[in-house]
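Chemist: The primary structure of each chain is shown beneath.
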Amino acid sequence: MYMKNTKLFKLLALAVAVLMVVGVMAGCSKATEADKGETTANSDSSDTIYRSLDEIKESGSIKIGVFSDKNPFGFVDENGEYQGYDVYFARRIAKDLGVEVEFVSTEAANRVEALQTGKVDIILANFTVTEERAQQVDFALPYMNVALGVVSPSDKAITDLSQIGTDDAVIVISGTTAEIYLEENNPEITLKKYDTYSDAKTAFENGQGVAWANDNTEVIAYANTVDGYTVGIPKLGSDDTIAPAVTKGNESLLNWINDEIKSLADEQFFHKDYEETLVDTYGKDYEEELVVEGGVIK
Amino acid sequence: MQALVTDLGFDVLFRGTNFTRLLGGMWVTLEISLISVALSIILGILLGVVMTLKNPVTKAICRVYLEIVRIMPQLVLLFIVYYGSARLIGLKFEPEFAAVIVFTFWGTAEMGDLVRGALQSIPIHQYESAYALGMNRSQTYFSIVIPQTIRRLLPLSINLVTRMIKTTPLIVMIEVVEATKVARQIIDANRVASPNAAFGLFFVIFVLYFAVCWPISLLASHLEKKWSN
Chain Y
1 MYMKNTKLFK LLALAVAVLM VVGVMAGCSK ATEADKGETT ANSDSSDTIY
51 RSLDEIKESG SIKIGVFSDK NPFGFVDENG EYQGYDVYFA RRIAKDLGVE
101 VEFVSTEAAN RVEALQTGKV DIILANFTVT EERAQQVDFA LPYMNVALGV
151 VSPSDKAITD LSQIGTDDAV IVISGTTAEI YLEENNPEIT LKKYDTYSDA
201 KTAFENGQGV AWANDNTEVI AYANTVDGYT VGIPKLGSDD TIAPAVTKGN
251 ESLLNWINDE IKSLADEQFF HKDYEETLVD TYGKDYEEEL VVEGGVIK
Chain U
1 MQALVTDLGF DVLFRGTNFT RLLGGMWVTL EISLISVALS IILGILLGVV
51 MTLKNPVTKA ICRVYLEIVR IMPQLVLLFI VYYGSARLIG LKFEPEFAAV
101 IVFTFWGTAE MGDLVRGALQ SIPIHQYESA YALGMNRSQT YFSIVIPQTI
151 RRLLPLSINL VTRMIKTTPL IVMIEVVEAT KVARQIIDAN RVASPNAAFG
201 LFFVIFVLYF AVCWPISLLA SHLEKKWSN
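Protein sequences, first through last, are from chains Y and U. For the first sequence, this note's numbering begins at 1 and goes up steadily by one. For the second sequence, this note's numbering begins at 1 and goes up steadily by one.
Since the hints were derived computationally from the structure, they do not count as laboratory data. Fair warning: there could be bad hints in the mix.
To be verified - Chain Y stretches covered by chain U per the calculated footprint, using a threshold of three residues with CB under 8 angstroms from any CB of chain U:
hint : region
1    : 66 to 80
2    : 114 to 123
Claimed, not checked - Dumping the calculated BS3-like pairs for lysine-lysine here, alpha-carbon to alpha-carbon at most 30 angstroms:
hint : chain 1 : residue 1 : chain 2 : residue 2
3    : U       : Lys92     : Y       : Lys70
4    : Y       : Lys248    : Y       : Lys63
5    : Y       : Lys95     : U       : Lys92
6    : U       : Lys166    : Y       : Lys70
7    : Y       : Lys57     : Y       : Lys272
8    : Y       : Lys284    : Y       : Lys70
9    : Y       : Lys193    : Y       : Lys156
10   : Y       : Lys70     : Y       : Lys235
11   : U       : Lys92     : Y       : Lys57
12   : Y       : Lys298    : Y       : Lys95
13   : Y       : Lys298    : Y       : Lys248
14   : U       : Lys92     : Y       : Lys63
15   : Y       : Lys284    : Y       : Lys95
16   : Y       : Lys57     : Y       : Lys95
17   : Y       : Lys248    : Y       : Lys57
18   : U       : Lys92     : Y       : Lys248
19   : Y       : Lys70     : Y       : Lys272
20   : Y       : Lys95     : Y       : Lys70
Every residue gets a Cβ at the ideal spot worked out from N, C-alpha and C, and that includes glycine.
Next up, chain Y with everything else stripped away, as it sits in the complex (with noise of 0.2 angstroms):
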C-alpha cells in the first residue's frame, strides 16, 4: 500500500515540476516576444542592457522615464494626458528623432535603477546632477538650474539664515536636499522635519517654524499660490543642476541629446517650455533664474 503511495505521489510531484517549469519557460517566451519589437536590433548587434541610438529609431518608440505625479515637471491631466516641463522637453526629443513617445511613470527611488536595467532610455523626471548619481548613469547637459530656497511669513521675512534665533526653528522635509544641506552647513539651526509635503505646509501655517526651507522650486511655487508668504532666500547652497540622464555607457544616445540641447537654444525652446508649463507655478519673475538654455550655465 505505502510503496504504491510514495510512487503515485512521485508522479504527481514529477507533473507540478513539469508544470512548473513549462510555466516558467512559457513566461519568458512571453516576455521576449512582447519585447521582440523592441529587442531584434539588439540581439545582432550587442548584448547591452541598453538601446542605442540606432536601435531606438528603428523601433519607432522610445521609452521615457518622467514624474506622473510632480505637478508641474511631471503630471498627468484630467484627460489622462501627460503634461509639465519634463514632459514638454520629452514630446520634443521624441518628435526630432522622428518616433513615437512612450511615457513610464517613475518613482523617484526608481530612476537609476530603471536606467540600469533597461527599462526606459531616458529619464527626464526632474533629475538632479550629482556626483553619486554620475556614478551610475550618464548625464546629458543641463536643462533647468535648482537651488534651496527659504520661504518665510512677509510681516517677518528671513532673508538671511543669520536671522534665525536660538530659539526658532526652520522646518524641512525628511530625506530632502535642504534637510542635508542644512544639517550639514548649518548645524546650530534647529529643524522641525516632517515626512510629507503637507504635514510640513500644515506646520509651517500653523507657526511652528519662522522658516520653511526645502528646493526653491517648491518654496517659489508655494509664496506665489499662499498669500502673506515671501520667498526671502531663493538661493541658499550650491547650485545644481536638473538634466536628462541615459544608462551609463550609451554614447550615441547621450551625444545625440546633447546636439538637440545645443540646437534648441537657437529657438530658445526651453523659455518656450517653461512659458507654457511653469509659468502659471513660478511667475516670471524666476524664469532667468531657473531655465537654462543651450546646456549652459550662467
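Model the placement of chain U on the given structure of chain Y, informed by the hints.
Modeler: Relative to the frame of chain Y, chain U by itself:
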C-alpha cells in the same frame, strides 16, 4: 453640502476623465490579482499534495520555498523579479508580468500550506473506515477526503485571496500605474486647486477595494453556511 463636496475633493473626481482613469487603475489591480489568484489556487493545490509526501527531498524543497516566501517582503520579490532579472540575465519582463509572477509565487506557497494543513486535518480513521467499507483509493479521495478538505480550506483561502488583492498597491514600485497611483496623480495635478483632494480620492479607493473584496467574503460565508448543513 456643496462646500463639503469641494473641500474633500470629490469634485476633482468628476473632472475630465479622472473617474474613468481611476476605474481603469482598479481594473489593472483586479486583473493582476485575479490571474495570480487563479494560478495560485491551481498550483497551490498541487503543491499542497506534494507537501504531504513523506519524501525527505520534496519535504526539504517545499520547506525552503515556503520559508523564502514567508521571510521575503513582497516588495523585495518584486524588485528581484522586475529589476534583478533584467540585470542578471537580461530578461525584460513587462512590469505587469513580473507582478503576476511574484504574486503567484507568493500565493502558491501560502495556498500549498493551507492545502497541506487541510489534507492532514482529515483523521486517518476516515481513510481506514472508507477502505473498510470497500471503497478504493480514488473513491475515498473524491467522496470522503476532498469534500471535507475544500470545506476546511475555503475560509482560509478567501482570506488569502483578499490579502493578495489588498497587497497589489505595491506594484506601483515597479512602474505599474494602478488605482492608488492614479489617485496620487490626480491629487498632485490638483495640488493647488483642491489641496484636500487626497481625502476624497482615497475614500473612493477604499470604496472600490471594498466593492471588490466584500462580494468575495460574502460568497465564502454563503458557501460555508450552505455546506455546514
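Chemist: Does each hint fit the structure? Answer for all of them.
Modeler: A quick look at each hint next to the structure:
no., hint, verdict
1, 66 to 80, "holds (count 10)"
2, 114 to 123, "holds (count 5)"
3, U:Lys92 / Y:Lys70, "27 angstroms, holds"
4, Y:Lys248 / Y:Lys63, "16 angstroms, holds"
5, Y:Lys95 / U:Lys92, "26 angstroms, holds"
6, U:Lys166 / Y:Lys70, "25 angstroms, holds"
7, Y:Lys57 / Y:Lys272, "26 angstroms, holds"
8, Y:Lys284 / Y:Lys70, "20 angstroms, holds"
9, Y:Lys193 / Y:Lys156, "21 angstroms, holds"
10, Y:Lys70 / Y:Lys235, "21 angstroms, holds"
11, U:Lys92 / Y:Lys57, "19 angstroms, holds"
12, Y:Lys298 / Y:Lys95, "28 angstroms, holds"
13, Y:Lys298 / Y:Lys248, "27 angstroms, holds"
14, U:Lys92 / Y:Lys63, "13 angstroms, holds"
15, Y:Lys284 / Y:Lys95, "27 angstroms, holds"
16, Y:Lys57 / Y:Lys95, "11 angstroms, holds"
17, Y:Lys248 / Y:Lys57, "19 angstroms, holds"
18, U:Lys92 / Y:Lys248, "18 angstroms, holds"
19, Y:Lys70 / Y:Lys272, "20 angstroms, holds"
20, Y:Lys95 / Y:Lys70, "23 angstroms, holds"
The earlier numbered hints are all upheld by this structure, with none contradicted.
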